[in-house]
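Protein chains in written order, with my numbering: chain A, 1 to 166; chain B, 167 to 271; chain C, 272 to 891; chain D, 892 to 1288.
None of these hints come from the bench; they were simulated from the model. It cannot be assumed that every hint is accurate.
With a Cα cut of at most 30 Å, we get these calculated BS3-like pairs of lysine-lysine [as the list claims (entries may be wrong)]: (1) D:K901 x D:K1225; (2) C:K846 x C:K827; (3) D:K1199 x D:K950; (4) D:K1033 x B:K197; (5) D:K950 x D:K964; (6) C:K707 x C:K638; (7) D:K901 x D:K992; (8) D:K1033 x B:K256; (9) B:K197 x D:K964; (10) D:K1266 x B:K256; (11) C:K431 x C:K707; (12) D:K992 x D:K1225.
Partial chain D-side listing against chain A, Cβ under 8 Å, derived [to be verified]: (13) V962; (14) L968; (15) L1013; (16) A1024; (17) W1028; (18) Y1034; (19) L1036.
Just so you have them, the derived chain A footprint on chain D, three or more residues with Cβ under 8 Å [stated by the list, open to error]: (20) 1004-1010; (21) 1037-1044.
Think of the CB as a built atom: it goes at the ideal place given N, C-alpha and C, for glycine as much as any other residue.
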Amino acid sequence: MDLFFFVVFAVVAIGCGISVVLQTHPISSALSLVGVMGALAVLYLLLGAEFIAMAQVIVYAGAIMVLFIFVIMLLNSGGEVRAGRSVIVKVLGVPALAGFVVIIAWVFNSSFSELAQVHFGGFSDGSARSVGRAIFGPYLLPFEVTSVLILVAILGAVVLARKELD
Amino acid sequence: MLQGGGVPLSWVLILSAILFSLGVAGFLFRKNIITVFMSIELMLNAVNLSFVAFSYKLQQVNGHIFAFFVMVVAAAEAAVGLAIILTVFKNRSSLDIDDVSEMKN
Amino acid sequence: MLYLWLIPVLPLCGFLVNGLFGRKLPKLVVSSIAIGASLLSFLWVLYILKVLQPLDSPHVERYFTWIQSGEFRVGADFAVDRLTAIMLMVITGVGTLIHIYSAGYMDHDSGFARYFAYLNLFMFFMLTLVLAANFLVLFVGWEGVGLASYLLIGFWFDKKSATNAGNKAFIVNRIGDFGFSLAMFLIVVTFGSLDFGTVFDAAAGKQQGVLTAIALLLLVGACGKSAQLPLYVWLPDAMEGPTPVSALIHAATMVTAGVYMVARASVLFVHSGVALDVVAIVGVLTAAFAAIIGLAQNDIKKVFAYSTVSQLGYMFLGLGSGAFSAGIYHLVTHAFFKAVLFLGAGSVIHACAGEQDMRKMGGLRTKTPITFGCLVVAGLAISGIPPFSGFYSKDEILLAALHHAPWMYVVGLLTALLTAFYVFRAIILTFFGQYKGEGHPHEAPMSMTLPLVVLAFLSFAGGFLFDVPRYLSQFFPVSDASGQNVVLQIVAASVGAIGILLAVAFYLVRPGIPEALARNLGGFYTLVYNKFFVDEIYNAAIIQPTLVGSRTVLLKGVDHGLLDRTVSGTADTIKGAGEVFRHLQSGNIRSYATWVVLGSVFVLILVGIGMLTANGVIIR
Amino acid sequence: MEFYVISLVKIAVVFAGFMTTLAYLQWVERKVIAHVQVRVGPNRVGPHGLLQPMADIIKLVTKEGFLPSHVHKVFYLLAPFIAVSMALISISIIPFGSEIKVFGYTTWMQLTDLNVGILFVLAISSLGVYGIALAGWSSNNKYSLLGGLRSSAQMISYELPLSLAITAPLLIAGTLSLREIVQSQGGYNFGFLPRWSVFTGPFPQIFSFLIFVIAGFAETNRVPFDLPEAENELVAGFHTEYSSMEFASFFMAEYANMITMTCMTTILFLGGWQPLFPASLGSNYVPPLLLFFFGALLLFNGLNPRRKKDRLSLPVFAVVFFLLGLLFLVPAVKPILVPFFWFAAKVGFLLFTFIWIRGTLPRFRYDQLMGFAWKFLFPAALINLLITGLLVALTAK
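Construct the entire structure; sequences and hints are all you get.
If you want it as structure tokens, here you go:
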């Protein structure tokens, strides 16, 4: 059962990921990305990360990607022209990536014994309660710092947006 | 090899690797700033997946925390980055990443 | 938890408030904040001591780990034992009184808020110093008081001499602090900890050489802070600061930090007998030396400064001769009467509109009666006339000195004589005869006279009110000669009396004598008058060589020759490399990304190879 | 196996009930608005227009699905689907009542209970934005685009006060599972005052209740926040181009969102299925009595009717009501129906408020809307959260 779910959603994720890269129109890429995120959220549930799964949907799909789609709609620039890429990218990029995937797959396969199996419910500590305890316990300082980061980000966004007004 | 219909952890990690390299590919091959940006988000997601997978492997919640922080950072990044993209588009009505090359002599 | 941290933090708050907003606030608010802060911490001290009765074992509070590396841990820990208790009482009590005094003294000064901010800052660091439960925290306070004293000596920074004096104090103290830090390193190496408790418990086991080294290095620090030979030179110049500062920092509290530290580390000193002797010798020499110089000074504050130095020498003598409690005892009483002397001098100067030269004063007896009375009391106290406080402590010290080494006892007696002499010389020159200066001297305001009176009373009664030696008896092993020796007491008292009488004879009855003396032993007089040319000697022997050396060797040789050449050479190399590598800088983000990817793939390949060699499995 | 069967049955029941509610909610709305505006409202199809919804559905389904030439087809067709599905999903975790026994099977009147239920609802509702945004954009029409941008901006802005308002009662309940939240609101203070989080807790959640409801209005794009379909400015907003079934699905989505929102309000603030006063004071007899009363009323009106056909229809309704009331007295079904009645009563009241306000209030201006969200609701929710958290922390054992 777990395997079935995993395979299904892994395929979905990869498919959407590919279409993120291949779609010419930003909106399509954005929606495919949302698809990836949804699939990942399900996989998180499979891995017992309820809170993270929900946060994934709320934050990524619900907030960040909506922002993206917003901007895309506002600018409403059509699909991109496929032309002129830097030589290095063309020559080295693809083989490098292929090599990357292959090698890392091999590394993982050989370094993680087959015994390490993932079952649904195999990890029950991902509830909002335990995550919260962790965040407000050992990780309190980083958490506060990120809040500062967010504040800075907000200010920056406001400033940038204000600039275009006048 | 797959007793009990379980999923080998390595598969999850490989999935995250594939997604990551897809993100890299997008970053390399796309010219539209927004798409490039989205590819970065894709990479972040892939990393999150491996975080969560490892915290399943280690039976600790810490990985989740890292994923959480990654999301927060991604949110901040998206806010600022999109604002920048907006201004860029205002200044030179184009989203082609190669047009933004004043710094290049 | 008794919130020990409140004691230092209260003044700190005062410092922050006054330092940040003082300029905006009216003077009344500023002064009341500062005074209130130190008064509150005084009350808090009282409360804590009342709770901790009878304080047989030290009360330690650990707040947080400051430094942690492996086994070695330094915490921000405070501790209170009887020794600390005494210091706390003196610092906060006298400190509060001097705060009140300052409110009157500095009233017309423009830097009112700044002054009180510094004063509170000093209180904070001093309290940290005495509360510290390990050497490092003590060192923090140690450096902090150094800073505060620097700021306050150079308080009137528009006066060149003041800033110079501040720098001098700071630099001279550096030497001492250097010794102190070396001592701390040695302690860490030897004991693996800086906590007083652990160090002192383990001290017995260590061999003598190391302990001696540690103790001597500590002594160097103490000499710097407590103005002992040969590092005393900064203290007289420190009189450039406002007089209350001289009273608080350079007489009552900070300069006694060295004494406190030696007493605190008494275990180490005792275990290495040599160090203890060195302490005694340094002390007695300083005492005599400073006293002699004090004879010939005409600046009233300078006189008292040198007497401070010599009294500190006395304390060291007490410590060195094994009577630590006696040293602390003298520390307490000295805090009282020396504070009075300085504050009195302050109000005299206040009365004479900033005049400090005694030869231009005189006849103030009628004009400033209260000051006069207080100064006389303090004078009697410092001369060791029973039953004034100075008598008891001095007597204890002399007793210990006698048992330790008779010649020290003799020198101590002579010093006592001289002390009595020059103190009363100062008093007489100031208050008797007729007024030689211009302007209309007037008694100081209430806010200044009140602390004077209180402190005067303390310096009268302090001796038999607080029997410090008995309070510390279980803390320091009382030296075998604790029994009151009537003969010695009479001797000591009479010596003081003789000194006073001499002063009266010289300057009141037959004012001709001093000039005659000065003429007869002219060479010696000039020598003394110029403070044995110590500053000049230092200047010639240390400062000039240093300057010259750094100008020639360091600047020309090392800096220009070596460093610059290396730096520019590196720069050239890098430039050359840049010429090669700048072609990677295509300015195309995605080509950069490609390089990154290639790099990571390369790393991955390495990992893979590593795994092949490690046949297969990394994580299980 | 049994589990799957039960779940399927439950799904069927809930879905059917929900769909009917949707259809009739719209009928109710038209009726209520009509009476607010002193009209009669739909009364042709069936008695009192009771069959109007059916007629509408048939009309919408049988209409030609017209696809404009200038739209982005995929997204144009995807949008209504997203909208309606996101609106319907969150029903699956809403507890309509307490645990029940049917034919020996014990189960909950709830499809499933997630222990991150609230987050789930938030996530789904935040996904609902896509439907509208896509619809607005893919219609390739400036009115639609503006409407879509507006409404998605509005929904995102109002997500924050909404979430913050949710957080406060969560602090009191101490759980994210909807079922446990409702259970935590059981019991009564002083024997009669229910422990709903509006009334009790260390800090009564009345403010967050109001904030939540207001934000709910905005989330569902209802008057006074219905700028997306501000007729006088942008025709029909994001669904200008849509017709037939697609249009219907947007319509459904709006009403489904309304119901979800009211259900959430009930669960979070009004104690879900918990009765208004304890059974010891006879709360179990409220539903039958109410039904009997209305039945009697109908009967009376039926006996001396204002219009001719009422002579027939009203007594029939009366009989139906009486039967329902009797049903409430049957001990076998009583434990099933009574909690559900209370839940439904609260939801119904809230829905009525929605409609009522639509009949009453004028529309905001866009900048006013945003200003209201960011300058008033958001800080207010924050302060409320702060106070609540403080009190909870202080009163915690």
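Original post:
Failing hints, ascending?
Top reply: As far as the earlier hints go, 13, 14, 18 are violated by this structure, in ascending order.
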